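Visitor: What follows is each chain in one-letter form.
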Amino acid sequence: MDKKRIRNDLILLASILLAALAAWGVLKLAQRPGKYVVVEIDGKTSAVYPLDTDLRLDIKTEGGHVNTLVISEGRAYVESADCPDKLCVKQRAISRTGETVICLPHKLVIRIAGEGGVDTVS
Amino acid sequence: MKRNTKLLAVLGVSTAAAMILSYLETLIPMNFAVPGVKIGLANLVTLFLLIKIDWKSAAAVTAVRVLLSSLLFGSFTSLAYSLAGAVLSLAVMGLLKKTERFTALGISIAGAVSHNAGQVIMAVILLSTKEIAYWLPVLIVTGTVTGLAVGAVGALLVKKIDLKL
Chain S
1 MDKKRIRNDL
11 ILLASILLAA
21 LAAWGVLKLA
31 QRPGKYVVVE
41 IDGKTSAVYP
51 LDTDLRLDIK
61 TEGGHVNTLV
71 ISEGRAYVES
81 ADCPDKLCVK
91 QRAISRTGET
101 VICLPHKLVI
111 RIAGEGGVDT
121 VS
Chain X
1 MKRNTKLLAV
11 LGVSTAAAMI
21 LSYLETLIPM
31 NFAVPGVKIG
41 LANLVTLFLL
51 IKIDWKSAAA
61 VTAVRVLLSS
71 LLFGSFTSLA
81 YSLAGAVLSL
91 AVMGLLKKTE
101 RFTALGISIA
111 GAVSHNAGQV
121 IMAVILLSTK
131 EIAYWLPVLI
141 VTGTVTGLAV
151 GAVGALLVKK
161 IDLKL
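The listed protein sequences correspond, in order, to chains S and X. When we follow this note's numbering, the leftmost residue of the first sequence carries the number 1, and every step to the right adds one. When we follow this note's numbering, the leftmost residue of the second sequence carries the number 1, and every step to the right adds one.
Take these hints with a grain of salt, some might be off.
[As the list claims (entries may be wrong)] Beyond 12 Å from chain S on every Cβ pair, some chain X residues (computed):
id	residue
1	Leu-7
2	Pro-35
3	Ala-91
4	Leu-165
[What the hints assert, rightly or not] For lysine-lysine, the following DSS-like pairs were computed, each having C-alpha atoms within a straight-line distance of at most 27 Å:
id	chain 1	residue 1	chain 2	residue 2
5	X	Lys-56	X	Lys-6
6	X	Lys-6	S	Lys-86
7	S	Lys-35	X	Lys-6
For the record, the hints were derived by calculation from the structure and aren't laboratory data. Note that this is a predicted model, so its numbers are computed, not measured. C-beta atoms are modelled at their ideal positions from N, C-alpha and C, and glycine is treated no differently.
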């Protein structure tokens, strides 16, 4: 009886990991090289920048908080921020559609959009 | 002692233990690029109650723990994330327990993974950004690891502690 339940556990574990792998594969396949960097604050698009033009700017969010966005060599990332966890700074630079840098405390989403994808997404 | 009185005492002590575990969790730095990676220590209590007593007790203690710990150590936003995770994981763990086909390990892993999935869903709703789904594969994998660890300890507790209810 218990052996059977442990076998079931293993099957469950394997299917969960397979699901993760499948989800990862589907998300990767759907990605294309990006064209624009879209900045969203609290779910609303606040600015769009071309990915091929280098840029460094401070994004100001609610309560006077700042995240410094850098676009360089076709990749975008957050260089510094005054949020408590700094997870947005740790996230890797993004360049393909669907990739994001997200700062949960500041409700800030930086997203890569493709050709013509700026208005149709979200 | 009457069963009801004893049950009440056990649930009270469990809530206290869950609160302490929640607090301990806030002391452990979990700074990965993907937010939401945590051990889920407090799920130890939920898991234990679910297996030892019943779903209702587990859900009650979890609800109180989530409300109190968000109030004490978190914020309104963290309450939304915690609730989403707790509701989904309680539902999934309850269903798996009901089948009687899985051990504490399987229940715990599924609970941790569905907790993370619940949080991703809440993040998608709160930030209205479906790209957050990109975190899901990572959070599923970290969920299996933390769920396994918590489940192993949970199985031990279930075996060693006799509640005599």
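Visitor: Taking the hints in turn, state whether each one holds.
Guide: Hints, verified against the model:
For Leu-7(X), the condition that its CB be more than 12 Å from all CB atoms of chain S holds, with the nearest at approximately 27 Å. Against chain S, the non-interface label of Pro-35(X) is violated: not every CB pair exceeds 12 Å, the least being about 5 Å. With a minimum CB-CB distance of about 16 Å to chain S, Ala-91(X) clears the 12 Å threshold, and the non-interface call stands. Distance check for Leu-165(X) against chain S: the nearest CB is about 23 Å away, which clears 12 Å, and the non-interface claim stands.
The suggested pairing of Lys-56(X) with Lys-6(X) holds, with an alpha-carbon distance near 16 Å, which does not exceed 27 Å. Pair hint Lys-6(X) plus Lys-86(S) does not hold up; C-alpha atoms about 46 Å apart against a cutoff of 27 Å. Straight-line distance between C-alpha atoms of Lys-35(S) and Lys-6(X) comes to about 64 Å, which puts the hinted pair past the 27 Å bound.
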